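Whatever position you read off the sequence shown (first residue = 1), add 4 for this note's numbering.
Think of the hints as simulated: they come from the structure by calculation, not from any bench.
Please note that the accuracy of each hint is not assured.
DSS-like, lysine-lysine: derived pairs with alpha carbons at most 25 Å apart [to be verified]:
id, residue 1, residue 2
1, Lys65, Lys119
2, Lys39, Lys119
3, Lys43, Lys119
A quick note: this is a predicted structure, and the numbers were derived from the prediction, not measured.
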Amino acid sequence: MRVSKIKSVLAVLALGAGIAVIPATTAQAAPGCWKSGTKWWCNNVGGAGVYRWEGVDGTTKRLVGRMNTTTSWFNGRSDCNHPIYNNGSGAGAPHPYRWIYTQADNGEWGWMSDKDIYNETNPLPALQPCAM
Numbered sequence: 005m006r007v008s009k010i011k012s013v014l015a016v017l018a019l020g021a022g023i024a025v026i027p028a029t030t031a032q033a034a035p036g037c038w039k040s041g042t043k044w045w046c047n048n049v050g051g052a053g054v055y056r057w058e059g060v061d062g063t064t065k066r067l068v069g070r071m072n073t074t075t076s077w078f079n080g081r082s083d084c085n086h087p088i089y090n091n092g093s094g095a096g097a098p099h100p101y102r103w104i105y106t107q108a109d110n111g112e113w114g115w116m117s118d119k120d121i122y123n124e125t126n127p128l129p130a131l132q133p134c135a136m
């Protein structure tokens with residue numbers, strides 16, 4: 005009885021302090037992108053940027069369009085473990101150097117960061133490494 009009172013008091017104190025205790029759950033992998041007809045589809049962040057690398061040495065990243073839709077089609081993926089291709093997904097992300105080839109809503113072709121796609125992108129066809 006005394007232990008349950010202590011737990012109750014601690015729970016009230018935690019809630020009063022704005023602390024929420026959430027039970028741990030098992031991490032689940034995101035479902036993969038899927039193929040429908042001749043295209044691969046993924047769920048993505050609305051308004052995500054689509055980029056191209058330009059310049060003499062191909063190291064200048066330029067925004068060429070946006071993907072305003074949140075379910076979009078993609079042609080394939082490319083990984084390139086080079087600092088200029090870090091997609092900003094941070095340490096521990098599953099694919100920090102992965103970019104996905106697509107056509108932006110304005111018709112321009114380019115690359116969307118893997119971090120802007122909610123699905124696992126491994127099912128997409130692998131394109132040439134460092135194809136960006």
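Hints, one by one, checked against the model:
1. Restraint check for Lys65 and Lys119: the C-alpha separation of about 16 Å stays at or below 25 Å, so the hint holds.
2. Restraint check for Lys39 and Lys119: the C-alpha separation of about 20 Å stays at or below 25 Å, so the hint holds.
3. Proposed proximity of Lys43 and Lys119 is supported: the alpha carbons are some 20 Å apart, at most 25 Å.
Every hint, counting from the list given before, is met by this structure.
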